[in-house]
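For chain A, the structure is supplied; the task is to place chain B on it using the hints.
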Amino acid sequence: MSRLAARSTLAPGAVIPVAATAASLLLGAGLVAASGASVGEAIAAFWEGMFGSTFAVGASINRAVALTLVGLGFILANRANLTNVGGEGQLAVGGIASTALALHGAERLPLGLAVAAPLAGAALAGALWGAIAGALKVRRGTNEVISTLLLSFIGLLVVYWSVQSEDLLRQPVTSAATLPESLEIPARTKLPTILADPSSPLHIGVFIAALASLGVGLTLGKSASGVRLRAVGLNELAARRAGIRDGRLVVAVLAVAGAFGGVAGAIMMQGELWILKAGFTSGYGFDGLVVGLLARGSAAGVVAGALLFGFLRSGGLAMEITAGVPAAVVVVTQGLIVIVIAGSAILMKGRE
Amino acid sequence: MLELHGITKRFGAVTALDDVSLSVRAGEVHCLLGENGAGKSTLCNVVFGVHAPDAGAMRLDDRPFHPAGPADALAAGIVMVHQHFSLVPTMTPVENLMLGPLRGRLRRDEVAARVRGLMTDYHLEVDLGRRVGDMSVGERQRVEIVKCLIREPRLLVLDEPTAVLPPEEIGALLAICRRVAAGGRAVILVTHKLAEIASVADRTTVLRAGRAVESVEMARADMRSLVRSMVGRDIVLLDRTMAATLGVATAAAPDPTALPAKGCPTSSPETARRPEDALVLDGVSFRDAAGALRLDRVTVMVKPGEIVGMAGVEGNGQSELGMILGGLARPSGGRVFVNGRELTGRPPAEITAAGVGIIPEDRQAVACIGPMSVAENLFLGRLDRFTRFGLLRRRALTAAAAELMRRFDVRGSGPDAPVAQLSGGNQQKAVLARELSVEPLVFLLAAQPTRGLDVGAVAAVYDHIRAARDRGAGILLISSELDELLTVADRILVIYRGRISGEMAAEPGNREAIGALISGHAA
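One line per chain: the protein sequences are A and B, in this order.
Add 2 to the 1-based position in the first sequence for the working numbering, that's all there is to it.
Add 52 to the 1-based position in the second sequence for the working numbering, that's all there is to it.
What the hints contain is simulated information worked out from the structure, not anything from laboratory work.
Using N, Cα and C, we set each Cβ at its ideal position, and we do this for glycine too.
Heads up, a few of these hints could be off.
[Said to hold, decoys possible] Over 12 Å on every C-beta distance to chain A, these chain B residues come out as not near it, computed from the model:
#1 E55
#2 F117
#3 T142
#4 R168
#5 D179
#6 S277
#7 G367
#8 S425
#9 L435
#10 E455
#11 E487
#12 Y548
[Stated by the list, open to error] What follows is a list of derived Cβ distance ranges for each label pair:
#13 A:I148 - B:R183: 25 to 33 Å
#14 A:G345 - B:R111: 56 to 64 Å
#15 B:S465 - A:L159: 28 to 36 Å
#16 A:A24 - B:H118: 37 to 45 Å
#17 A:I148 - B:D124: 41 to 49 Å
#18 B:E162 - A:T85: 37 to 45 Å
#19 A:A344 - B:E269: 54 to 62 Å
#20 B:T439 - A:T85: 23 to 31 Å
#21 A:G223 - B:E491: 28 to 36 Å
[Said to hold, decoys possible] Stretch by stretch, here's where chain B covers chain A in the computed footprint (C-beta under 8 Å, at least three residues):
#22 214 to 225
#23 243 to 256
Next comes chain A alone, as it looks inside the complex:
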């Protein structure tokens, strides 16, 4: 019995998500048909949106960058048995910090600092947001799921406030038609693109995400900190007795997860949005959380999941615009992928 189970769990990490994704996409196609749109047209648009042009590919990868960072933050904290659902708020405060610095002074900094300073500021802001949840947990025992979620709502509303008030980040109001949003950030603070092809939006955020993935992978798999995080996650009391400062570690890991979210927000801001608007995070924080959940603790899994969701988002947008398929279909398909992958994981566990 145990031998059989061993064989079937050989590569579940890879086989199950792929099969689940394929099945969900088929179901998605069914939904497209049910919504009345032409399936052929929809698939063509979907493909076009994902891989049809250098723009499509670049935009998809840029989306994946933000998702990767949030997902990495999730699995890092999750190693200590912490569930950081605050990605959305961490993106939001990161975006605010990045915009504020980009608009107020970073432009004049030499070398790459014009780009790096807003990114660093965003990391700090996100870290603070995460650390608040960590400190609440350590000092008061507040469940981090609740605190990070509530901090997300606060973060989103702070964005809203920032772009409503001229004292904060709103552009100067010149007429009744002035939108509640920031000025566009200066060109020098925007993330440089990688390819010579001007139609490709692919920017250096990819390198940041790649470095972060490598760092998180090494931390979890090969470092002493990874072992300590796991120890705290498995048995806090025994970890503390062994001399691990578990309280510090909890605050630190939630701060790092928050910093990842903050940088992701800055990358969205400096990479392609360039203007701070209410709701700019548009669910990336929660999608990143799902990516992290599906990755089951693997940094490579986060990258794969983020790419999948990044391309799906692009394809979905194209489907909506050119083939008139409701955006909800894409959302539903994403939901199906999550349920099928998570469900199959539970099934596997039950069989062991």
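Just chain B now, kept in the frame of chain A:
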């Protein structure tokens, strides 16, 4: 009734059971005797259908018996009480019983009536009105037994039931086993205490290293031969300590090596270097979250090179004392000094750095992280020694762990296997290995260090504690087994309701007086 033929079970490279055959008859108590890791629990799990054997066959009533899981075993009338109970603490016994085997619409009253019937038949004392969480371990165990008996089983398997019990409750449990057998049912009782076997078993099978080395009728059994079979060497090698653990201690003449003379440690050259006491607890008090005073101005001094025993029934403040000494709780009053340095309320890392080793009473909760490897557990607090450029040097860690495992005779499939796979005795040896390799060791707290361990492991624990004492460490040995304290400690303090109620020399002649203090009768 149940016959096992040539049962073999392997876990990876480890052969847990090697060609084991035995038979159990209706109406008998069949004891399985063996050291930790001898395969006793595995054998029970095979019978109960948890593990499928790799080779061999079982027959139940002369019919082949291949349980695919515990459900099959239960259907065949085999029930098992595990070492770890499965009861819902917030429910009463009757509510717990209604969760399990009983289906359909059952009235609480009917279940309660059946439970009362069983309680009278088998003299099982259980307070049905209390929640399981408020019960003593012994009472919980009786609820587990009722839970099994209510199924009208034919075979009751008890996996080390006495390991978790305080001494005064063991006799009652053994009497229950006899009554269950007298009703025509069969009982398999796993233990490593010889004294229990003598009083309860009809037959005994001795397991050693996965093999059934001896199977005897108790009427014809020779205790010496059983011990020899169990530990694989002759009883003449057993010192008083081991005899005490086996429960076959006699009023033997004090053995100078086992019972050091009083006053000897202070004259050793080691102590001259350390004029300070290894440990001073100065009026330590502790109030729990509910406001109850758990420790009341406890003052204890432990000199270097001295083993101070702390006797008492569990729950009289020993756990709280352990938490405070380990840095997991802050005293509400009083101060703690180690080697003259104040450590009151300091974090565990600082306490360890000050030369304090802690063997906590609850290994699972405080000392071991089951899913993590032995190596990780051994060096969790010292991982920095094994990092280069921020990365862990796994090979060096594994090698260091292997060395430590060899020195402390921790047996298992290797340093990289999860610590949960080790037997209890080997887990405890791993904890000892970690806590005794604190350098320099100034003070060691050993709280219930031998609970649930077999003879060989107990002797190893004592040897290590004595060796630490001989190197000049001060040791506080908290134990609820008076025999243990009389054998190992130099002097004995008694803790009763959070207070030190008395102090006695660790001499067998003081047994009665210490016993009186333990039970709260002032001396």
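Hint-by-hint comparison with the structure:
| no. | hint | verdict |
| --- | --- | --- |
| 1 | E55 | 23 Å, holds |
| 2 | F117 | 17 Å, holds |
| 3 | T142 | 20 Å, holds |
| 4 | R168 | 38 Å, holds |
| 5 | D179 | 30 Å, holds |
| 6 | S277 | 37 Å, holds |
| 7 | G367 | 19 Å, holds |
| 8 | S425 | 9 Å, violated |
| 9 | L435 | 4 Å, violated |
| 10 | E455 | 19 Å, holds |
| 11 | E487 | 10 Å, violated |
| 12 | Y548 | 27 Å, holds |
| 13 | A:I148 - B:R183: 25 to 33 Å | 29 Å, holds |
| 14 | A:G345 - B:R111: 56 to 64 Å | 41 Å, violated |
| 15 | B:S465 - A:L159: 28 to 36 Å | 55 Å, violated |
| 16 | A:A24 - B:H118: 37 to 45 Å | 39 Å, holds |
| 17 | A:I148 - B:D124: 41 to 49 Å | 44 Å, holds |
| 18 | B:E162 - A:T85: 37 to 45 Å | 44 Å, holds |
| 19 | A:A344 - B:E269: 54 to 62 Å | 57 Å, holds |
| 20 | B:T439 - A:T85: 23 to 31 Å | 28 Å, holds |
| 21 | A:G223 - B:E491: 28 to 36 Å | 30 Å, holds |
| 22 | 214 to 225 | holds (count 3) |
| 23 | 243 to 256 | holds (count 5) |
Comparing the model with each numbered hint stated earlier shows that hints 8, 9, 11, 14, 15 do not hold.
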